[in-house]
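With the sequences and hints as input, model every part of the structure.
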Amino acid sequence: MVQGTEYKKKVNKFIVGLSFFYLAVFFLTYDAKLTIYNSTLLSFSYKYGFIPRAFVGTIYEGLNWILPVDMYSYGMAMRFVEVCTAIFFLLMIWIARKTLLLVGEKYFKTIGVVWIIYGIMFVSMFSSKYNFGRVDLFMLLIDAIGICLLMKRKGEWLLIPLSVIGVMVHEGFVFMYFSTILVILIYRFFMTEEKKKYGWIFALSLVGASVTFLYFMFFRTPVDRETYLSIYRMARDLSYEGRPHISLLSAELLCVNLGDIEKAFHKENFLQLPFFVLMVSPFLVFLCRLGRSLYLKAKGMKEKLAYLAVMIGWMTLIPNFALKVDYGRWIFAAFSFFFIVFIMMYVEQDKYFIQSFEIECNRYRKHPGVEELMIIYLIALVPLQDVYINAMLKKLSDFINVYLQWY
Amino acid sequence: MNMKKEKTNLYFMMFLILFGAVLSYRYFDQGVSRYNTTLFALSYKYGPISRGLLGTLYAGLNHILPMNLMSYSWVYFFCLLSTAFFDFLLLIFFTRVLQKSVENQKNQIYLILLVAIFTFPMFVTKEMLGRLDIYLMILVMLCLFCLIEDRCLWLIPVFCVVAMLFHQGFVFTNINLILVLLFYKGLKEDGNRKYFVVFGITLLLCSVLFLYFEFFSHSNGSEILDEVVTNAKALSASGRGYNPSIIDHEILGKDVYEAETEYRVLAHQETGVFLVFFWPFLILGFGFMKHLLQGQKGKNFLAYLGICLGGFTMIPEILLKVDFGRYAYYTFWYYLVAAMVLILWKDEVCIQALEWVKSLIKKWLPIPQLVFAYLLLFVPFHDIIYGELVDNIKIFIFG
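Protein sequence lines, in the order shown, are assigned to chains W and L. All the letters of the first sequence, read from the start, carry residue numbers 1 to 407 under this note's numbering. All the letters of the second sequence, read from the start, carry residue numbers 1001 to 1399 under this note's numbering.
FYI, nobody ran anything at the bench for these hints, they're computed from the structure. Every clue listed holds true.
Subject to a maximum C-alpha distance of 30 Å in a straight line, what follows is the list of computed BS3-like cross-link-like pairs (lysine-lysine):
1. L:K1100 with L:K1362
2. W:K10 with L:K1362
3. W:K98 with L:K1362
4. L:K1358 with W:K106
5. L:K1004 with L:K1363
6. W:K366 with L:K1358
7. L:K1346 with W:K366
8. W:K394 with W:K129
9. L:K1394 with W:K395
10. L:K1394 with W:K129
11. W:K9 with L:K1363
12. L:K1126 with W:K129
13. W:K154 with W:K197
14. W:K9 with L:K1358
15. L:K1358 with W:K8
16. W:K109 with L:K1106
17. W:K395 with L:K1233
Since the model is a prediction, treat every value here as computed from it, not as a measurement.
In structure tokens:
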């Protein structure tokens, strides 16, 4: 529900303050560096065939063709990533404004606080050197576009090709960011009258993304030597170190299994994760209570299933935690899931969700200082990295490993 | 009602301890800089030299304890222990403030949160871990306990003299809070001269010590130079490094003003950036002072004037030295803790001034909690630079 001009002014004022805050977070965490991993991916292109993770590189190739400059240099790669990152941040700010207008003045504070916390996470994530220019930005951009379509309730059929594009950006999309869109579609399937529409969009999105994923996982073939060398040379030109990321090229182009190389990283991840869980335990308690409250409030099977999807949709990340090592990225994806889905529940004006969420927030609000601490606490944990969860936990795990000698 | 407030205090302190621990560890650099290890080499065995107390105490511990403490690893451990002790004292102070401020619990909680944001990460970075500031802060905490409990005020001059023996800069950076609160209490409690007596003795002793250490304590520097440098090297992480600036200034009595020119330029550039991002807080600060002084006359006016001007003792340091990060921190610390103690003493004028500050923040920001999140982006303050955010912006502008 969009309210009067006074409320719009209040929202606009908040958005200006929020934008300034995001800018400060950006300056705090921006390293002005594109790592060789992220620049190497820009050299992948569909001109070499339907290879994985080549969507962004193909767009980059297209820009090289259109623009009167040679895009295959580190400087141009940096500019490209800076522009894409700026577009992403501006889109998120626009979505923040839109959601605040939709939820109304009654829930302005709750959703405003959610955007403060979520902004701390995504701005720091995609500004720091580990994830600046990472394809996760483009995957989240696809989620953001999907959310815009779902909020406007127009052009929702575009979610089908968007889901396929997400997998073309990175096959990990099916585990990391696809669940956000699917959960909202599941929710609308069970909780609205447009079951046929959302059923079809859900099914076709799922099939499209799954088929693309399965192709990239099991049916792609290694590229030939000439293609490999061509990509190698372009990746070298794009890199600030003058060399490409060999492991990435081997894994994605030659289908080499990196399992053995990543064993030591797994051990570090397993050592860091319990401490991270301990550090975010107040939020986990909040989530458990919220889930329990929703389950008890839900009347029929449809509602229970809808709320179950809302609370456990993030579990599509479990295979990533088990098989891959980028725990920083998986944890960010989990946070992103919760933030976006919870905001959408308010946009959907789900009575029981809002009641439960407000009750849980009020547990902290009734104690002065505690609410503020919960908001600012996450600043101490960011930026999340890629392999390591964050620098603090890396420091802690290295300290413990001096005695454990585990890796 | 009191049960509910006690529960709030308990939850708040639990979350604060978790927050403080995580924030401290996040910025913990796991090392002590050469600047700070060199200070352990200064000792009173060379005569009553400036900043010699730390090294003397450490050498004494080395003499008493069965281990050889004259190595980097023990210095590192000693610095960690000192910082942990300070954090412990700080948490006890917060607890006592909350217990004694039942009617103004909410205001005290917000002030405590602000002090925690600035303080927990301040003394764990490489430049600040083990810095003499931590011992000054420990002594300031002890003085504050005497003041808020209104007991053993005679210990205040003792603590302040000890602080001067640690670092004579205490007169500019830390003593202001203690003196101003004594002055305030003396004026507010008619007929109770003990505060003025303590104030006078403290001021006199510290002034004499400052003059001595600044101008008369370097006479035999060249005779002890080699031994001090050898000891300083042994205590450093590499076993070979030491900070020449400390040796030049504290042992040889040389003026390091010109040598610090490069840092001065850096600090001034950063101050410009800092003020651009902090101007709303300047408006709040000056507005708070205006509301303290408004309508006051006679002794009351003097008492609040002291509170307002107490933070300006940092000015000589700002003009002559380069540690702008530290001065900014001490300025925030002074005003926040002064307000905290005044509210604990149920000063209605301060409470009303704080309410004005809160109402202005609520007018500016639809979600006032953004203030705490915003401030957290600027910490920790370092010694010369204000912090990473200000430094990044300065580099972006000036290159």
